[in-house]
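Visitor: So the protein sequences, as listed, match chains P and A. Note that the UniProt record's numbering numbers the first sequence so that position 139 is 139, with each residue one more than the last. Note that the UniProt record's numbering numbers the second sequence so that position 144 is 144, with each residue one more than the last.
Misleading hints may appear alongside valid ones.
Unchecked claim - Below are the EDC-like pairs computed for lysine to aspartate or glutamate, each with C-alpha atoms no more than 16 Å apart in a straight line:
no. : chain 1 : residue 1 : chain 2 : residue 2
1   : A       : K131      : P       : E245
2   : A       : K140      : P       : D218
3   : A       : K138      : P       : D13
What the hints assert, rightly or not - What follows is a list of derived Cβ distance ranges for each label pair:
no. : chain 1 : residue 1 : chain 2 : residue 2 : range
4   : A       : D46       : P       : E183      : 35 to 41 Å
5   : A       : S141      : P       : G128      : 29 to 35 Å
6   : A       : A93       : P       : L280      : 32 to 38 Å
7   : A       : D106      : P       : S179      : 57 to 63 Å
8   : A       : R97       : P       : V170      : 50 to 56 Å
9   : A       : A78       : P       : T336      : 22 to 28 Å
10  : A       : P154      : P       : R151      : 47 to 53 Å
11  : A       : A79       : P       : V325      : 38 to 44 Å
As the list claims (entries may be wrong) - Computed footprint of chain P on chain A, listed as stretches where at least three residues anywhere in the stretch have a Cβ under 8 Å from a Cβ of chain P:
no. : region
12  : 34–46
13  : 114–121
It should be emphasised that the hints constitute simulated quantities derived from the structure, not laboratory data. For clarity, every value in this text was computed on a predicted model and none was experimentally measured. Glycine included, each C-beta is placed from N, C-alpha and C at the ideal position.
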Amino acid sequence: METAPQWSELPIDILGVVFRRLLSFGDHVRASAVCPQWRAAAVGNPPRLPLLMVLPTAAPARITGYVSVSPTCWMWETTAAQLPHLLRLTLPSTSGPAFLRVFGDDVYRLPRFPDDALRGRFCGSFPGGWVTLALEHYRGHCILNLHTGERIDLPDLVCTPSPPIDCITVIKYLTLSSSPTREGTFIVAAVTSGVANIAFWEPGAERWCPPTLAGLTDEQLQRWRRNLPRDPIDDILYFRGCLHEGFYVLNGDETLLVYVPEAGEGSNDKTPKFRVVSYLFQSGTPMTDPGSRVKGRYLVETRGNLLMVRHLSSSDGSDQFEMFVLEGERSVTTGTVHAVWRKCSILTGRALFLGHGCSMAVETGITSHVVMYCLSAGEIWVYP
Amino acid sequence: MAAPESGDGNNGAARMVTLISSDNTRFEVEAAAASLSQTLQLTILDGGGGGGDGIPLPNVDSATLSKVLEYCIKHAPAAANGGAPNATAVDRAELERFDNEFVNIDQSVLYSLIMAAHNLEIEGLQSLVAKKVADMIKGKSPMEIRRTLGFPDPTPEEQAEMNAHMLEYGWAYE
């Protein structure tokens, strides 16, 4: 006779494979309540939570506490962030209903965080423990992996579009097309403050270059360079949309410019080539509270959709967020797409972590909705 | 059942090995399929399993083994291509369809499968079943998870622990 399966006695390493498949931490917590064996597996396989990394130089007085997620994973609360109840998240201990929770006012350093980076300025982050930063204020740009210590140096010089002159400009934030690999098949985009507001780099190139557009005549290029967007860019994200895959740039007027990487034919120069597509929005997206002021705009991907988040300071001074989904993309002419920002009220089951060049939506598995943001240059979300 | 002296298949015939389940049923399969198991691969490389010997698998019953081999036979060609970089989209879609159908089974069979995949070190199968189990857990309360997977009713102590957990992590139960 066949014995009934003993799910409660499933070996911990098998349960670990199951727990690593539970991406939302609500599911993680609920599954850890099933029985002691499952709880042990949950402790050993914590959900991958973003960390708010705060440099000691970034006004440590604002740090009010930290939460231990696992021995190598910490979350900080800062006075600036809206403190959601999620920050209370800790993992259950193996010994029944006693729970591991550590609070204090100390600033912990992540393992493998190099000393020379401590005075640096963060420019962005990417899943897999990658952060981008400038070691000195406007120099020494690099991509750093906090798990492995691997470092990829980026140039400081930016070539201006026209006339082409190498100069040092402030790189405000950086974003990557994909995880850095040794084969070097990734592109880095930099939002700069300068004549052009965007520049690109790929491994092997000696400097940052303004977007080089594929398939245009000299005259068209000249015209394009005159028209290069010079308004401050609000945010940038590499996104696989239904029409285009590339760097989505959010302008101050809430239109999008999409830089679609094109394979360079036969050319040996390490300059990424792009096709550029302008996304226009016919109907404006008015603010619910006309007295509010926009403090920042962010692009973030969630469940395959592109989201624009407005961070508002309302007339009574409180922080509010409005969210819009990119929808109805329709190609009208070459290089122009019409689309709609559809307002969405609440994103159930997700927590939004917002920061320029480091935004992400994380599945929570609970119905409430959480927005966290970081504002100072000394703070950044890190995705393990 | 196994042909004697089948050996290393001259004439281009694929080399066969014999596996023997815990209830003494013999299964003859291509070595390439059985080699999806890291455990079996070592034995097979050493020349085991051929001829009349067979490889005994005392932890795996015949019902489970036939299911495991169904998976291995389906996945062997792709595995032989080294993760199949040149596989067509159609091939990949077909494998995906097979996988989805394959784990659409009762939880007791899933349990035997994930144990067997673990013992035999078949990474793809273990990962496939783990994903299915994770999907079955998602969005459920601890009691619902227990019911779904056929746990016995909780003892009073277990119930008290679950209640304490729920008090502590109330937000996860909204």
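Visitor: Take the hints in turn and mark each one as holding or not.
Guide: Structure-based check of each hint:
| no. | hint | result |
| --- | --- | --- |
| 1 | A/K131 with P/E245 | violated, 28 Å |
| 2 | A/K140 with P/D218 | violated, 61 Å |
| 3 | A/K138 with P/D13 | violated, 20 Å |
| 4 | A/D46 with P/E183: 35 to 41 Å | holds, 36 Å |
| 5 | A/S141 with P/G128: 29 to 35 Å | holds, 33 Å |
| 6 | A/A93 with P/L280: 32 to 38 Å | holds, 36 Å |
| 7 | A/D106 with P/S179: 57 to 63 Å | violated, 39 Å |
| 8 | A/R97 with P/V170: 50 to 56 Å | holds, 52 Å |
| 9 | A/A78 with P/T336: 22 to 28 Å | violated, 42 Å |
| 10 | A/P154 with P/R151: 47 to 53 Å | holds, 51 Å |
| 11 | A/A79 with P/V325: 38 to 44 Å | holds, 40 Å |
| 12 | 34–46 | violated (count 0) |
| 13 | 114–121 | holds (count 3) |
The structure fails to meet hints 1, 2, 3, 7, 9, 12 from the earlier list, while all remaining hints are met.
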